[in-house]
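Novice: Read off the chains here:
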Amino acid sequence: MPALVEIRDICKVYNPGENEVRALDHVSLNIDKGEFVAIIGQSGSGKSTLMNMLGCLDTPTSGKYYLHGIDVSHMSDDEQSDVRNREIGFIFQGFNLIQSLTALENVELPLMYRGVNKRKRRELSIAALEHVGLGKRMTHKPSELSGGQQQRVAIARAIAQAPPILLADEPTGNLDSGSSKEIISIIKRLYAEGRTVILITHDPGIAKQAKRIITISDGKIAKDEINENFTL
Amino acid sequence: MEYLKSAISSIKQNKGRTFLTMLGIIIGIASVITILSIGNGMKSYVNTSLDEMSSGGVTINLDPKKTDRYLNIDDLEKIRDVVPEMLGITNSISANGEAVTDKQQLEVGITGGLPDIARENTKGMFDGRFFRQDDVESGAAVCVISQEDAILLFNTDEVVDKSFQLNIGNKSAECSIVGVTRSDEEDIKNAREAVRKKEQAYNWCTIQVPYTLLTGRFGLSGEKITSFKIYTSPGIADETALKVKSVTENLIDVRGEGAVQIQSFASIAGAYNNILNIVTLVVALIAAISLLVGGIGVMNIMTVTVTERTREIGIRKSLGAKTSYILIQFLTESAVITLIGGMIGILMGYLFTRIVQLFMSFPPVISPMDVLMVVTISIADGLFFGIYPARKAAKMDPIEALRQE
Numbered sequence: 001m002p003a004l005v006e007i008r009d010i011c012k013v014y015n016p017g018e019n020e021v022r023a024l025d026h027v028s029l030n031i032d033k034g035e036f037v038a039i040i041g042q043s044g045s046g047k048s049t050l051m052n053m054l055g056c057l058d059t060p061t062s063g064k065y066y067l068h069g070i071d072v073s074h075m076s077d078d079e080q081s082d083v084r085n086r087e088i089g090f091i092f093q094g095f096n097l098i099q100s101l102t103a104l105e106n107v108e109l110p111l112m113y114r115g116v117n118k119r120k121r122r123e124l125s126i127a128a129l130e131h132v133g134l135g136k137r138m139t140h141k142p143s144e145l146s147g148g149q150q151q152r153v154a155i156a157r158a159i160a161q162a163p164p165i166l167l168a169d170e171p172t173g174n175l176d177s178g179s180s181k182e183i184i185s186i187i188k189r190l191y192a193e194g195r196t197v198i199l200i201t202h203d204p205g206i207a208k209q210a211k212r213i214i215t216i217s218d219g220k221i222a223k224d225e226i227n228e229n230f231t232l
Numbered sequence: 001m002e003y004l005k006s007a008i009s010s011i012k013q014n015k016g017r018t019f020l021t022m023l024g025i026i027i028g029i030a031s032v033i034t035i036l037s038i039g040n041g042m043k044s045y046v047n048t049s050l051d052e053m054s055s056g057g058v059t060i061n062l063d064p065k066k067t068d069r070y071l072n073i074d075d076l077e078k079i080r081d082v083v084p085e086m087l088g089i090t091n092s093i094s095a096n097g098e099a100v101t102d103k104q105q106l107e108v109g110i111t112g113g114l115p116d117i118a119r120e121n122t123k124g125m126f127d128g129r130f131f132r133q134d135d136v137e138s139g140a141a142v143c144v145i146s147q148e149d150a151i152l153l154f155n156t157d158e159v160v161d162k163s164f165q166l167n168i169g170n171k172s173a174e175c176s177i178v179g180v181t182r183s184d185e186e187d188i189k190n191a192r193e194a195v196r197k198k199e200q201a202y203n204w205c206t207i208q209v210p211y212t213l214l215t216g217r218f219g220l221s222g223e224k225i226t227s228f229k230i231y232t233s234p235g236i237a238d239e240t241a242l243k244v245k246s247v248t249e250n251l252i253d254v255r256g257e258g259a260v261q262i263q264s265f266a267s268i269a270g271a272y273n274n275i276l277n278i279v280t281l282v283v284a285l286i287a288a289i290s291l292l293v294g295g296i297g298v299m300n301i302m303t304v305t306v307t308e309r310t311r312e313i314g315i316r317k318s319l320g321a322k323t324s325y326i327l328i329q330f331l332t333e334s335a336v337i338t339l340i341g342g343m344i345g346i347l348m349g350y351l352f353t354r355i356v357q358l359f360m361s362f363p364p365v366i367s368p369m370d371v372l373m374v375v376t377i378s379i380a381d382g383l384f385f386g387i388y389p390a391r392k393a394a395k396m397d398p399i400e401a402l403r404q405e
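Residue numbers (this note's numbering), protein chains in the order written: chain Z, 1 to 232; chain X, 1 to 405.
Just so you know, these hints were derived from the structure itself, not from any lab.
A few of these clues could be false.
[To be verified] Restricting the straight-line Cα-Cα distance to at most 30 Å, the calculated cross-link-like pairs of lysine-lysine (DSSO-like) are: (1) Z:118 - X:392; (2) Z:141 - Z:33; (3) Z:141 - X:15.
Could you put together the complete structure from these sequences and hints?
Specialist: In structure tokens:
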């Protein structure tokens, strides 16, 4: 049984030649199904590049990325879109909701791209919104919701299609501490329900919430440790 | 369906600027519709007028320069037998004279012919009957007059069985009216007015009589027929005329000399239509240039929209939207803009034609085919000019797009 995520010796080099920047320098990493991993690093450490790589938004200069044992590192744009749609639920720092759509319509988007029919789509989206406690705000536009509520819509959008991986990039970066706690507790609950969660952050306080902490610096993995103090 | 919904909702968010962009398309489509409908109107007006003129029949002439032969009245009957699809045939003798009643004295234009000459009167009978074959055989002094001329002569259109004195040259006969043909309301009104005001311009009328009245009692020559008229069904006028021509050539033995000539309006109508078609097309093409300019406006505003919505495109792509989805989304949006513009343009064009109608003697005609064509053109316009911005959107790199504020 292959690991859910298997990264083999990945490099990402910008401006190859004179002023080359090695954002990722021979990184290898396995993440199994059902793990709760935090990837922590300073800005410029390469964690954003790693997150783009894990999210199939970017392709490596060299090395391989196996998802479910399948090489997804050198696919075409459309194939990558398909992988993102099926395998990954994104939670972004800036929420990334479409302002002109209601909460419900935002949650429906990835299901629409997957080709789920309208009735089923609505059903799944309502369930997801209820799961994050927004059952009563479904017809609101993002601008009518607080930051925490917007992030919960984004989480609902990420889980509605039940992808194997939740990829959260600084999910609490734009939130006050109250909302942050709320979002972290929702993420923990999703982990407890059996989802694989990868959390990318620069904040040790947030990283500490995860069960496994990978520290990245200068494009290399500096530390990869189990968090002994993890509690649900 | 999804694409359409999303296109409409995003257009709604920028109503003002989208409308301004549409203006080019609206003006273009409106002018194309107006020009096409004026062209159509002119064509159908010309055709109806020519139709009316030629419904009087086709005249066949023997050219006196090429032959000194002629037909007689029995030859017309022979032609009638050989060409049964013909509706009628008659000789036509004209004369001028005076019509005198106890109240009035008018100049009169007299046309003598066979009963088939009744087909000249396309509006039908108002009262009484047309003269008949037995009137022709007996050379009876009977005539048919129009409603308006009856009013000029008798100050009433109830004139069947009334009679007047008909003078041609130094001969005269008491001519009795057997029938009245229908006239336009407008002409009847004018005749009544003229009688009331005793206008000099209305001192002339026309009557139709059996030709034998003119050749008999008045002694006019009419045995040598060098010109006659035939009446046909509208669709087969040309071929019937050609057949009559060749029959006539055989009868007087002048084959291939061009001595028998057809005078018809169908050929004139055809030439006229061709010219009108070309003029309409050229002017419509000039108007279509504004569609080009309008399309460029759409391309411009869609490029702006794509730039403004870079982040949205990034979000959609990160959620798994394929290139084709983004492409279709923006193509739909530009096509919807031009389609709406096109529909408003059709409406405006319709209003323009109504205004134009006030200043023209003929009604412009908006044909459903033109509307269909214009709708297709406006959609195509949007699709064509939407390609560039839509491709720009579809090819965006999701990481770059998400980084946009």
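Novice: May I ask which of the numbered hints given earlier this structure violates, with the numbers listed in increasing order?
Specialist: Of the numbered hints, just 2 does not hold.
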